[in-house]
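J.: So the chains spell out like this:
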Amino acid sequence: AQKITQTQPGMFVQEKEAVTLDCTYDTSDPSYGLFWYKQPSSGEMIFLIYQGSYDQQNATEGRYSLNFQKARKSANLVISASQLGDSAMYFCAMRARLLNTGTASKLTFGTGTRLQVTL
Amino acid sequence: DSGVTQTPKHLITATGQRVTLRCSPRSGDLSVYWYQQSLDQGLQFLIQYYNGEERAKGNILERFSAQQFPDLHSELNLSSLELGDSALYFCASSFQDSEGQPQHFGDGTRLSIL
Numbered sequence: 148a149q150k151i152t153q154t155q156p157g158m159f160v161q162e163k164e165a166v167t168l169d170c171t172y173d174t175s176d177p178s179y180g181l182f183w184y185k186q187p188s189s190g191e192m193i194f195l196i197y198q199g200s201y202d203q204q205n206a207t208e209g210r211y212s213l214n215f216q217k218a219r220k221s222a223n224l225v226i227s228a229s230q231l232g233d234s235a236m237y238f239c240a241m242r243a244r245l246l247n248t249g250t251a252s253k254l255t256f257g258t259g260t261r262l263q264v265t266l
Numbered sequence: 015d016s017g018v019t020q021t022p023k024h025l026i027t028a029t030g031q032r033v034t035l036r037c038s039p040r041s042g043d044l045s046v047y048w049y050q051q052s053l054d055q056g057l058q059f060l061i062q063y064y065n066g067e068e069r070a071k072g073n074i075l076e077r078f079s080a081q082q083f084p085d086l087h088s089e090l091n092l093s094s095l096e097l098g099d100s101a102l103y104f105c106a107s108s109f110q111d112s113e114g115q116p117q118h119f120g121d122g123t124r125l126s127i128l
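Same order as they appear, the protein sequences are chains A and B. To convert, take the position in the first sequence, counting from 1, and add 147; that gives my numbering. To convert, take the position in the second sequence, counting from 1, and add 14; that gives my numbering.
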């Protein structure tokens, strides 16, 4: 079974500053993907960034980067130069390839971190 | 815009009723996933269909059922509704069942049971 832990229920950051949202995971499956999603107050789920378990380099997508430390089983999201529009709920999620089927079905989500960007 | 379309956006109904939520996946995506987001349970996987066939089941109640049609759109049927079924229901899609592919989500259907 897979488990995602996000220990920060809420975070504040000033505009233009960088912020790190923590995520740790647990799985016994050797091949998996880690994802971050953003959920604004309007409710939609927006895919931000992906990191594969065998990727040697940390993923980056614009102002988003993923600090992947496999030995620590952590996949923290770093948002640089925060903007007011970054205020939202952020979810870390995992998708693992199951050894018995060879397929990777569901996403397992953490409980989320609510980020508030202030002036 | 994720390319995944869900209808309706909002649904208000009473206990004991039945509703159908509809989802059109992104063009070319074969897999459709349904998730439920509630305050007490968080985001929970319900069920997956791949190219018309059920592929995986999660915490889906027996009162709930789903199907994927030949044109790949999917419907989630919720029956004998209870107050606790009030939630945001998401549909997501991806091309394959790969751990390296993100699932792209629709905007959700917000279901309120009165």
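Incorrect hints may appear among the rest.
What the hints assert, rightly or not - Below, computed lysine-lysine pairings styled on DSS-like, alpha-carbon distance capped at 30 Å:
1. A:K150 with A:K217
2. B:K23 with A:K217
3. B:K71 with A:K220
4. B:K23 with A:K220
Source of the hints: derived by calculation from the structure; they are not laboratory data.
J.: Does each hint fit the structure? Answer for all of them.
T.: Now for the hints, and whether the structure bears them out:
1. A:K150 with A:K217: holds, 15 Å
2. B:K23 with A:K217: violated, 39 Å
3. B:K71 with A:K220: holds, 26 Å
4. B:K23 with A:K220: Measuring from Cα to Cα gives roughly 37 Å; hence the hint is violated.
Hint compliance for this structure: hints 2 and 4 are not met, and every other hint is.
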